[in-house]
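Novice: Each chain is listed here by its residues.
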Amino acid sequence: MGAVTDDEVIRKRLLIDGDGAGDDRRINLLLKSFTKWCHSPGSPEEGFTQYQRMLGTLAQCEFSMGKTLMVYDMNLREMENYEKIYSNIEQNITSAHDKIAECKKEIQRAKRIRKNRQEYDALAKIIQQHPDRHETLKQLEALDKELQHLSHIKENVDAKLELRKKQFHVLLTTIQELQQTLENDEKLDDDQSQESPAQNGE
Amino acid sequence: MFDPFQLALTNVSLPWHRLCPQLLHMSVFSQSFSPCGRFLAAGNNYGEIALFSLAAALSPDATTANQKPVLTFTAHEGPVFSLLSTDSVLLSAGNGEVSAWNWTELIKKNVKPLWTKRPNYKSSLEIPEINSMAINPRDDSLAIGAGDNNVHILDLEHGAFKATLQGHTDYVHCVCVREREAELLSGSEDGAVRMWDCRTGQSVHCIEVHKYESCARPQHGKWISCLTTDSDWMLCGGGPSLSMWHLRSLSPTSVFPLSGCQRQAAFHQDMILAVGDGAFVSHCLLGGEVKGQIPCTPPSLNTLKLNTKSSEHRVLTVGGGSSKIDVFTNLSYRAFSLSF
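Protein chains in written order, with the working numbering: chain A, 1 to 202; chain B, 1 to 340.
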């Protein structure tokens, strides 16, 4: 209770004026009746009744003090409770903030994934429009084979043509040579027949 | 402070001089986010660029004043058809020339351009418009799709035009860069999407989209006005329906049943966002289904941009045939509109 000044006491008393009015008056009355009872010359029954009455008032005062103490305890505990709830709510707020940030990141990821999927779908649509690779490869192979076959035939035909050309060439040159030889022979014969009449005429 | 001579020099237009009819006929053609992601630059058909502060407009205590630009200035004499941001610079294209503005200076409301360059157009009769620009980060070059049927390549480091890609027979509507393969794609009014090799400058492939039966819409025409790629896949549309192509096999994988002509499309996570004719943003799945169409204020849309550079201001903004730019914080609905 140390250095509690009068001012503070008066201030506190004025503050709890509303509640304290009844109790304060009761305590004052008790003190007054106590002093009166101490100094009263009255009969022992009166003194006894007075004493009983004072005990009653004292009990009332004690009762009200007990009540106030309990209310004070209750308030303290309520304060603790509220503090707990308050810190709980704060924690919830921060965790909700964190969750919101997480969800935002998730949304970004999901949007990227969706964009990729849509791009994939768009490309797939186009690719579907083009014919299958295996079929095209098979067609290419078949065309290749045909090409080879046809070039083979062409080579054969070319070779035959060359051969026939050469054969004809040989034939024609032989014929020409024969013609030459025949002409030469004829000329020789003519010369010979011209020479012999000349010899015979001599 | 409001010295008219000073203001005339810096080309800042005063808001109370803007008459109502001007706002009525305004169209937003291009948008670009700042490298920090906190500002949006938008270009309109009057040649003005407006800077909006996204941080202010998206803050919980934003007012209608925050939905107005923090800075508006006239950048070009013709409409600003294309805006592009690098790490520190805003590139704007209008009236046949490209201007560069430093972002930090713009944020400080200093509207002096760093440089203005004009590609060497062969014809001097009329000035071709620049319809689209794209940056190739590999060699720090800027591809410019112009109305003279060519794609001009500007080397940003040295500031000189290093190549001209010729091949299209009509003006180039859109260009985009295929990063992984170091190729450039360009879509043109002549209905062809050409793929150019960045190193040799030759046209590697030419896809005539209108010749494919599944995509062609002869009633709209054959021009390609919208092109975007993510290296493996390409979205293109315009006269023909918006279609998704697989670039390796050069074949169309999905055609999207959107009725109007699409002017800009983008890949976003697992979806495709497309804008064009019609007062809505179409959300489509890669398979070809249209998941939904989100209504917007402008009657038709020209430009769509996602703020991927910032984590707190991750918004989608669309602009088109009105002075309002719709901002979407959640892709499913329009949050609010910025207005010029």
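A portion of the hints provided could be inaccurate.
Using 25 Å as the maximum straight-line C-alpha spacing, the simulated DSS-like pairs for lysine-lysine come out as follows [unchecked claim]: (1) B:Lys122 to A:Lys111; (2) B:Lys291 to A:Lys104; (3) A:Lys104 to B:Lys68; (4) B:Lys108 to A:Lys105; (5) B:Lys309 to A:Lys111; (6) A:Lys105 to B:Lys112; (7) B:Lys109 to B:Lys291; (8) A:Lys115 to B:Lys109; (9) B:Lys211 to A:Lys187; (10) B:Lys305 to A:Lys104; (11) A:Lys125 to B:Lys291; (12) B:Lys309 to A:Lys105; (13) A:Lys115 to B:Lys291; (14) B:Lys309 to A:Lys125; (15) A:Lys111 to B:Lys211.
Which bits of chain A does chain B cover? Going by a derived footprint, with three or more residues having C-beta under 8 Å, they are [claimed, not checked]: (16) 47-56; (17) 120-129.
Hints in this document: simulated from the structure, not taken from any laboratory. We treat Cβ as the ideally placed atom computed from N, Cα and C, and that holds for glycine.
Novice: Next, verify each hint and record whether it holds.
Specialist: How the hints compare with the structure:
1. B:Lys122 to A:Lys111: Violated: Lys122 of chain B and Lys111 of chain A sit about 48 Å apart, past 25 Å.
2. B:Lys291 to A:Lys104: holds, 21 Å
3. A:Lys104 to B:Lys68: violated, 33 Å
4. B:Lys108 to A:Lys105: violated, 38 Å
5. B:Lys309 to A:Lys111: holds, 20 Å
6. A:Lys105 to B:Lys112: violated, 44 Å
7. B:Lys109 to B:Lys291: Outside the cut-off at roughly 42 Å; violated.
8. A:Lys115 to B:Lys109: violated, 42 Å
9. B:Lys211 to A:Lys187: Violated - the C-alpha atoms of Lys187 of chain A and Lys211 of chain B are around 85 Å apart, more than 25 Å.
10. B:Lys305 to A:Lys104: holds, 23 Å
11. A:Lys125 to B:Lys291: holds, 20 Å
12. B:Lys309 to A:Lys105: holds, 19 Å
13. A:Lys115 to B:Lys291: With a Cα-Cα distance of about 14 Å, the restraint between Lys115 of chain A and Lys291 of chain B holds, given a limit of 25 Å.
14. B:Lys309 to A:Lys125: violated, 35 Å
15. A:Lys111 to B:Lys211: Between Lys111 of chain A and Lys211 of chain B the Cα gap is close to 33 Å, so the pair fails against 25 Å, i.e. violated.
16. 47-56: It is violated: at least three residues are needed, and the region 47-56 of chain A offers just 0 whose Cβ sits closer than 8 Å to chain B.
17. 120-129: It holds, with 5 qualifying residues against the three required.
When each numbered hint is compared with the structure, violations occur for hints 1, 3, 4, 6, 7, 8, 9, 14, 15 and 16.
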